[in-house]
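When you number the sequence shown by this note's numbering, it's gap-free, plus one each residue, and the end is 255.
Hints may contain errors.
[To be verified] Derived pair list, reagent style BS3-like, types lysine-lysine, alpha-carbon separation capped at 25 Å:
no., residue 1, residue 2
1, Lys148, Lys64
2, Lys148, Lys78
3, Lys206, Lys194
4, Lys194, Lys148
5, Lys90, Lys101
6, Lys29, Lys90
7, Lys194, Lys251
8, Lys64, Lys231
9, Lys64, Lys170
10, Lys194, Lys231
11, Lys251, Lys231
12, Lys21, Lys173
13, Lys170, Lys129
14, Lys129, Lys21
15, Lys255, Lys231
16, Lys78, Lys21
17, Lys101, Lys194
18, Lys75, Lys129
19, Lys21, Lys64
20, Lys64, Lys78
21, Lys173, Lys78
22, Lys251, Lys173
23, Lys26, Lys78
24, Lys206, Lys170
25, Lys64, Lys26
26, Lys231, Lys26
27, Lys90, Lys75
28, Lys90, Lys170
29, Lys206, Lys231
[Said to hold, decoys possible] Each pair of labels, with its calculated beta carbon distance range:
no., residue 1, residue 2, range
30, Asn85, Ser25, 31 to 41 Å
31, Ser46, Ile156, 12 to 22 Å
32, Thr139, Lys101, 10 to 20 Å
These are calculated hints, taken from the structure and not from any lab test. Glycine included, every Cβ here is placed at the ideal spot set by N, Cα and C.
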Amino acid sequence: MANNWTREELIIAFNLYCKIPFSKTVKTNPEIIEVANLIGRTPSSVAFKLGNFGSFDPELRKSGIVGLKNAGKLDKEIWNEFNANWDKLAYESELLISKIHNLQKDETKQFENYEIPIGEEKERLVKTRVNQSFFRTSILSLYNRKCCITGLNIPDLLIASHIVPWSKDEKNRLNPRNGLCLNALHDKAFDKGFITVTPDYTVKISNCFTDFINNNTVTELFLNHNNQKIILPDKFLPDAEFLSYHNEKIFIK
């Protein structure tokens with residue numbers, strides 16, 4: 003009989019659950035194979051475990067996808083832990099992965115060009131970088147590396163955009179439901195309130211563009227997208243409350 007999954011293995015598996023579309027949770031997925039090798043499980047067992055997590059996902063159920071049955075008590079606990087504290091669990095899962103890879107969290111290449119202070123400030127900066135990387139990877143993967151407004155699929159030009167700004171909601175900074183995949187231009191426009199996405203996932207363009215209605219570039223880049231639906235992921239759909247916040251607090255009517 004196979005060994006029971008440990009908490010650490012489940013945290014690593016949920017980290018992967020956040021980073022791939024549910025439709026790709028199959029044993030032949032290279033990312034699943036990599037995690038399976040990392041934790042000493044078979045690709046089939048990892049894919050099955052991601053299916054267990056999917057059984058708790060309300061967005062999947064709304065779409066008629068129920069995930070796999072027979073999820074364990076610890077599976078549910080890990081689901082709840084992540085959803086209650088994304089910041090803590092995302093960081094913990096990334097550290098576990100790094101530990102297994104025998105990496106030190108402060109020796110990664112991303113810090114080579116930075117002068118990082120010692121002590122608590124150093125740890126804070128490292129945690130911020132690790133968590134930002136988790137959020138970006140999750141959001142881009144969930145949206146299949148496409149801008150949810152334009153469909154642009156050049157990863158270097160895509161941003162994991164927060165719906166409620168990073169500075170306004172510490173609890174949901176890493177919550178995938180607080181993210182949209184946008185190209186760099188539309189991310190800036192979204193951040194400044196020139197565009198928004200309503201709770202029913204419709205793009206709205208600010209009236210501040212009225213003066214540019216005869217500008218072909220503005221029309222093509224912005225006005226043509228007014229009232230269109232965004233491209234949605236198959237799980238972790240943008241939260242309606244977060245979208246309402248952006249509509250009411252940031253969007254320029």
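A quick look at each hint next to the structure:
Straight-line distance between C-alpha atoms of Lys148 and Lys64 comes to about 23 Å, which keeps the hinted pair within the 25 Å bound. At roughly 30 Å between alpha-carbon atoms, Lys148 and Lys78 are farther apart than 25 Å, so this suggested pair is violated. Restraint check: the Cα-Cα separation between Lys206 and Lys194 comes to about 13 Å, which is no more than 25 Å; the hinted pair holds. Between Lys194 and Lys148, the direct Cα distance comes to roughly 21 Å. Compliance with the 25 Å bound is thereby established for this hinted pair.
Among the hinted pairs, Lys90 with Lys101 is consistent with the structure: their alpha-carbon atoms are about 16 Å apart, no more than 25 Å. The suggested pairing of Lys29 with Lys90 is violated, with an alpha-carbon distance near 28 Å, which exceeds 25 Å. The suggested pairing of Lys194 with Lys251 holds, with an alpha-carbon distance near 11 Å, which does not exceed 25 Å. Under the criterion of a C-alpha separation no larger than 25 Å, the hint pairing Lys64 with Lys231 is consistent with the structure, at around 18 Å.
Proximity of Lys64 to Lys170 is assessed by CA-CA distance (about 29 Å); at most 25 Å being required, the pair is judged violated. In summary, the hint linking Lys194 to Lys231 is supported, as the alpha carbons are separated by about 20 Å, within the 25 Å threshold. Between Lys251 and Lys231 the alpha-carbon distance is near 21 Å, which keeps this suggested pair within the 25 Å criterion. Our distance criterion of 25 Å between C-alpha atoms is met by Lys21 and Lys173, whose separation comes to about 19 Å.
Simply put, Lys170 and Lys129 have alpha-carbon atoms about 18 Å apart, close enough for the 25 Å limit, and the pair holds. A hinted pair counts as satisfied when its Cα atoms are at most 25 Å apart, and Lys129 with Lys21 qualifies at roughly 19 Å. At roughly 19 Å between alpha-carbon atoms, Lys255 and Lys231 fall within 25 Å of each other, so this suggested pair holds. Among the hinted pairs, Lys78 with Lys21 is consistent with the structure: their alpha-carbon atoms are about 18 Å apart, no more than 25 Å.
Our distance criterion of 25 Å between C-alpha atoms is broken by Lys101 and Lys194, whose separation comes to about 39 Å. Under the criterion of a C-alpha separation no larger than 25 Å, the hint pairing Lys75 with Lys129 is inconsistent with the structure, at around 29 Å. Proposed proximity of Lys21 and Lys64 is supported: the alpha carbons are some 20 Å apart, at most 25 Å. Among the hinted pairs, Lys64 with Lys78 is consistent with the structure: their alpha-carbon atoms are about 19 Å apart, no more than 25 Å.
The hinted pair formed by Lys173 and Lys78 meets the criterion: a straight-line CA distance of about 20 Å does not exceed 25 Å. Of the pairs offered as hints, the one joining Lys251 and Lys173 holds, with about 18 Å between alpha carbons and a cut-off of 25 Å not exceeded. Between the alpha carbons of Lys26 and Lys78 the distance comes to roughly 21 Å, so the proposed pair stays at or under 25 Å and holds. Restraint check for Lys206 and Lys170: the C-alpha separation of about 22 Å stays at or below 25 Å, so the hint holds.
At most 25 Å may separate the alpha-carbon atoms for a hinted pair to count; Lys64 and Lys26 meet this at roughly 19 Å. Under the criterion of a C-alpha separation no larger than 25 Å, the hint pairing Lys231 with Lys26 is consistent with the structure, at around 24 Å. Only pairs whose Cα atoms come within 25 Å are accepted, and Lys90 paired with Lys75 is accepted, the gap being roughly 20 Å. Under the criterion of a C-alpha separation no larger than 25 Å, the hint pairing Lys90 with Lys170 is consistent with the structure, at around 18 Å.
A C-alpha spacing of about 10 Å is found between Lys206 and Lys231, which places the hinted pair at or below 25 Å, so the restraint holds. Evaluation of the 31 to 41 Å hint for Asn85 and Ser25 yields a failure: the beta carbon distance comes to about 21 Å. The hinted range of 12 to 22 Å is not satisfied by Ser46 and Ile156, whose Cβ atoms lie roughly 34 Å apart. One distance hint, 10 to 20 Å for the beta-carbon pair Thr139 and Lys101, holds here, with the actual separation near 18 Å.
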